[in-house]
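Taken in order, these protein sequences are the chains called A and B. When the first sequence is numbered by the numbering used here, its final residue is 553 and no position is left out of the sequence of numbers. When the second sequence is numbered by the numbering used here, its final residue is 553 and no position is left out of the sequence of numbers.
Since the hints were made in silico from the structure, they are not lab data. A virtual CB, placed ideally from N, CA and C, is assigned to each residue, including glycine. Do not take every clue at face value.
[Stated by the list, open to error] Where chain B lies over chain A, by a calculated footprint (3+ residues, C-beta under 8 Å): (1) 68 to 78; (2) 83 to 92; (3) 143 to 157; (4) 178 to 189; (5) 192 to 206; (6) 327 to 335.
[To be verified] Think about it this way: if two alpha-carbon atoms lie no more than 27 Å apart in a straight line, the pair counts; the simulated BS3-like pairs of lysine-lysine are: (7) B:Lys283 with A:Lys283; (8) A:Lys352 with A:Lys364; (9) A:Lys146 with B:Lys95; (10) B:Lys289 with A:Lys280; (11) B:Lys318 with A:Lys289; (12) A:Lys283 with B:Lys177; (13) B:Lys251 with A:Lys289; (14) A:Lys50 with B:Lys177; (15) B:Lys50 with A:Lys177; (16) A:Lys95 with B:Lys146; (17) B:Lys289 with A:Lys177; (18) B:Lys48 with A:Lys177; (19) A:Lys280 with B:Lys177; (20) B:Lys95 with A:Lys206; (21) B:Lys280 with A:Lys289; (22) A:Lys251 with B:Lys289; (23) B:Lys280 with A:Lys283; (24) A:Lys289 with B:Lys177; (25) B:Lys283 with A:Lys177; (26) A:Lys95 with B:Lys206; (27) B:Lys280 with A:Lys318; (28) B:Lys283 with A:Lys318; (29) A:Lys177 with B:Lys177.
[What the hints assert, rightly or not] Chain B residues, not near chain A, derived (Cβ > 10 Å throughout): (30) Lys40; (31) Met42; (32) Arg51; (33) Gly54; (34) Trp57; (35) Gly96; (36) Thr140; (37) Asn203; (38) Pro231; (39) Asn258; (40) Phe261.
There are 2 protein chains.
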Amino acid sequence: MELVLPISAKENLKKNMKSFSEKLKRFPGLLWQTVWRVGRDDPRRVVHALKVGLSLTLVSLLYLLEPLFKGVGQNAIWAVMTVVVVLEFTAGATLCKGLNRGLGTLLAGSLAFLTGYIAEKTGLVFRAVFIGTAVFVIGTATTYMRFFPYIKRNYDYGVLIFLLTFNLITVSSYRVSNVLKIAHERFYTIAIGCGVCLVMTLFIFPIWSGEDLHNSTVIKLEGLAKSIEACVNEYFNNVEKETNQDKSPEDPIYKGYKAVLDSKSQDETLALHASWEPRHSRHCRYPWQQYVKLGAVLRHFGYTVVALHGCLQSEIQTPQHCRVLFKDPCIRVTNELSKALMELANSIRNRRHCSPEILSDNLHEALQDLNNALKSQPRLFLGSNNNQATNMLAVAAAHANSSQKREKYNGVSLSSFKTDNSALLEWKSKRMANENSRTEAAERKVLRPQLSKIAITSLEFSEALPFAAFASLLVETVARLDNIIEEVEELARIACFKEFKPGDEVIVNFKTQKVNVTLNHFSSQGAE
Amino acid sequence: MELVLPISAKENLKKNMKSFSEKLKRFPGLLWQTVWRVGRDDPRRVVHALKVGLSLTLVSLLYLLEPLFKGVGQNAIWAVMTVVVVLEFTAGATLCKGLNRGLGTLLAGSLAFLTGYIAEKTGLVFRAVFIGTAVFVIGTATTYMRFFPYIKRNYDYGVLIFLLTFNLITVSSYRVSNVLKIAHERFYTIAIGCGVCLVMTLFIFPIWSGEDLHNSTVIKLEGLAKSIEACVNEYFNNVEKETNQDKSPEDPIYKGYKAVLDSKSQDETLALHASWEPRHSRHCRYPWQQYVKLGAVLRHFGYTVVALHGCLQSEIQTPQHCRVLFKDPCIRVTNELSKALMELANSIRNRRHCSPEILSDNLHEALQDLNNALKSQPRLFLGSNNNQATNMLAVAAAHANSSQKREKYNGVSLSSFKTDNSALLEWKSKRMANENSRTEAAERKVLRPQLSKIAITSLEFSEALPFAAFASLLVETVARLDNIIEEVEELARIACFKEFKPGDEVIVNFKTQKVNVTLNHFSSQGAE
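Turn these sequences into a full structure, and let the hints steer you where they fit.
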């Protein structure tokens, strides 16, 4: 036993050493892969890193070059500190931090000076007590203030800097007499540091939070389009996958809506930073708040897509040979839906109003087709008198009311449902009349909600159990598409997008730049 | 005209002044309200603020008291700085920041010393060039590194501090000869600051991130329970509200699931901080990763609740008199569902295993009732031979295959569907056998998935269009409840929750402490 153990321990050690050395050998390769991937995912990161390096070198010159050092002295080190702390990935984040820092420093300086002035007149012991008390009171009050929602959202960093500066100045003033001079000199160098940051962030390859917000909205729209298409295709094609409950990140459905679902905090941070950025145009303010609203609507749309995805994984499944009956109309609705989403994405990308064709005849006809397909199974639809929408549920109700007379439930009419044909005709004639004057935004607005209402209420679904849920959710997405269109239109109005011109429809291409905004955005949040 | 304008301008001014003075008068009241609300929502905030004030006063004493000042000198100011920057709301966040800061400072100090050592041997001009180059290279490389996902997640703050310290030391070393001594003294005072922070955060009214994560999970479970209950109640009672599309924050349905949907980043931050906290028990590591997993499953459940909520707002609605037919069983299923969720919440709150009754006869019987209710409308269910599950869709398929022979579709049997009665009996007998040995977790595990599978597949829904979607989603939530139970069980296993004892079921009470964790949590993220 005693002989065996050391050998196995030795072997263990050998094995561990071997695996460790193998890991060590693989490390440079892995590191290089990461370095490469991070840069390829968003080349602006390389630019930002170089900008930081350059800025630091510039402010270091204050210290390294003799003539400059004579001007600012030891305090030059504060410029270096400012650059490290203030220079952020996007212009908005830098401005937000820089202005917060400036404001915090200024306020803290004034208050500290006041405190020092009061304390100066008294004896040394009383002064110490006074300063200690001031530190405690201001420290407690300021920290408590950071929990106020409004302050936390906008000025958290400024309040922290206020606390820091106030303490530094107040406490040092006890031992150092010329606090005012120190504060003055320090302010000087901090201003230099801030200036370097501003120049770097605003004029040298600027990276705008607003731009990121804009692009991420486009990407989210496209992701939803791809997701819904993949979802419906999978539902009708390879149903055997349904047991695969764990959503691998490679699943195109999951990949499409994932970015949308968890976008809230990212959107809000980007919008907050964008709100600090200078206007790009004279006429319009940057509609960052509208992007946040659009993001909320997109998330809401995303939840329906998740529920649709849930239908694929549900325990109860409509057999494949039944689904096939409704495959073509469903796929057609989906294609039209994703086409509309792509058009919205394109309109935002190119900063133009979206095409008035967006909820077009095509989508409406596709819905109509689906309706017809559902109706074309006459036994799924009892009492299918033409032009008289009847419904199994109405039948059920009638039956419940008079459960003995089972012969009478043919042709029960539901007056609350608009008959689809007449509604369609009505809408079509209205649309023709408006065709020529469609540039007026007001009319477009009147037109759309009506249209979608008709499109949806004119569908009287036939009976088809789990499939009914699926189809119902699909129609629900069309209804929510309406909300998206509304918000995009509002965005176009506020941001003064250019008018839509026929011929603006670009070919739908899925190869857009893939920017993982999250990674950049966190850098600005977790920073000092 | 000239006379009129000044008067109106004056009036305007007066009006503005008046409204301004009114605002000013209201301001103290509003401020006091905010102060009060912030403290009432989470009294720990007051504690934290007092802790910060106290810590600052303590480290200020280093500067203010003569004997202490003689010991540490001017560098005492660094202790103040450390406290301001490191002391966070929760113990985990403080530890995370403190250790990051320590590590960053140490590494930066070593590297800066090395750089200084190399530069020392050379001439003044070459030294300046060398230092400038080092600042540029290290600045660029470090900033780029902050984009690596792994480093950003865990060490973002440490890397920032590394950059800061490295630059401070390297640049100052050009003018100051005894850098090592400075660094040494400074390290000393920083250690004192960190020590004060650690004592304050770990021993004086500690606030644990892990605790927050735990409580927020309980609150999320309860929110979902309330939400789903309110949702189904609204569906069957006052359907007239359906047009109220904008979800007011007071809507109990929306309020219930809102916290769940956007919980991802909050959960992850809390878990990250919790991972830095010391273990509370010797036997078990703190299962923060499992809380994150449970949070993901809860979000997934939440999406189904959103879709269910969407049914209330959908354009196509099943008339109320039809819904009434299925009201009681639906409400019963919902009650059982929310009871199960509340039991899960209670089991987590009391850190005990959840009751084996959780997916009990009650829930199963409720589902069975719903099934029966759906079946009890015989005309909704063609060919309802007893013990032979048939289905409209199967009929439709059969009909499609032989569309000429419409007389033959009675009694088509679907062998893929298990007949519910036999399945139920089978499960019941199995359950009886296991009744006495239910304390063994292994057997419980075998039991549950089977049970839920039977519970769900034994439901052959009848036809009922938008209602079918609603019912289908309701059943879907039961299926997802299974995932939640699985993750909670796993949590109980990893975290060594105590065994369930009969009598542990507490009365369901909705009056739990309402903690808005988000607000606290952001404070730790946006901090310097």
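Hints versus structure:
1. 68 to 78: Answer holds; 7 residues pass the 8 Å Cβ test.
2. 83 to 92: holds (count 5)
3. 143 to 157: It holds: at least three residues are needed, and the region 143 to 157 of chain A offers 3 whose Cβ sits within less than 8 Å of chain B.
4. 178 to 189: Contact hint for the region 178 to 189 of chain A vs chain B: holds, 6 residues under 8 Å.
5. 192 to 206: With 6 residues in contact (Cβ-Cβ under 8 Å with chain B), the coverage given for the region 192 to 206 of chain A holds.
6. 327 to 335: This one holds; 5 residues, not fewer than the three required, reach chain B with a Cβ under 8 Å.
7. B:Lys283 with A:Lys283: Distance of about 17 Å is within 27 Å: holds.
8. A:Lys352 with A:Lys364: Roughly 18 Å separates the two Cα atoms, so the pair holds.
9. A:Lys146 with B:Lys95: Holds, at roughly 24 Å.
10. B:Lys289 with A:Lys280: holds, 16 Å
11. B:Lys318 with A:Lys289: Since the Cα atoms of Lys318 of chain B and Lys289 of chain A sit roughly 19 Å apart, the hinted pair holds (cutoff 27 Å).
12. A:Lys283 with B:Lys177: holds, 21 Å
13. B:Lys251 with A:Lys289: holds, 23 Å
14. A:Lys50 with B:Lys177: holds, 24 Å
15. B:Lys50 with A:Lys177: Since the Cα atoms of Lys50 of chain B and Lys177 of chain A sit roughly 24 Å apart, the hinted pair holds (cutoff 27 Å).
16. A:Lys95 with B:Lys146: holds, 24 Å
17. B:Lys289 with A:Lys177: holds, 20 Å
18. B:Lys48 with A:Lys177: Roughly 22 Å separates the two Cα atoms, so the pair holds.
19. A:Lys280 with B:Lys177: holds, 22 Å
20. B:Lys95 with A:Lys206: Holds. Lys95 of chain B to Lys206 of chain A sits at ~24 Å (cutoff 27 Å).
21. B:Lys280 with A:Lys289: Holds: Lys280 of chain B and Lys289 of chain A sit about 16 Å apart, inside 27 Å.
22. A:Lys251 with B:Lys289: holds, 23 Å
23. B:Lys280 with A:Lys283: holds, 23 Å
24. A:Lys289 with B:Lys177: Answer holds: Lys289 of chain A to Lys177 of chain B is near 20 Å, not above 27 Å.
25. B:Lys283 with A:Lys177: holds, 21 Å
26. A:Lys95 with B:Lys206: Since the Cα atoms of Lys95 of chain A and Lys206 of chain B sit roughly 24 Å apart, the hinted pair holds (cutoff 27 Å).
27. B:Lys280 with A:Lys318: OK: Lys280 of chain B and Lys318 of chain A at ~18 Å, within 27 Å.
28. B:Lys283 with A:Lys318: holds, 16 Å
29. A:Lys177 with B:Lys177: Roughly 22 Å separates the two Cα atoms, so the pair holds.
30. Lys40: Its Cβ never comes within 10 Å of chain A, the nearest being 26 Å, so this holds.
31. Met42: Answer for Met42 of chain B: holds, closest chain A Cβ roughly 25 Å.
32. Arg51: Since the minimum Cβ distance to chain A is about 16 Å, Arg51 of chain B lies beyond 10 Å and the statement holds.
33. Gly54: Since the minimum Cβ distance to chain A is about 15 Å, Gly54 of chain B lies beyond 10 Å and the statement holds.
34. Trp57: holds, 12 Å
35. Gly96: holds, 14 Å
36. Thr140: The claim stands: Thr140 of chain B keeps its Cβ more than 10 Å from every Cβ of chain A (closest is about 13 Å).
37. Asn203: holds, 14 Å
38. Pro231: Pro231 of chain B is indeed farther than 10 Å from all Cβ atoms of chain A, at 16 Å.
39. Asn258: holds, 20 Å
40. Phe261: holds, 14 Å
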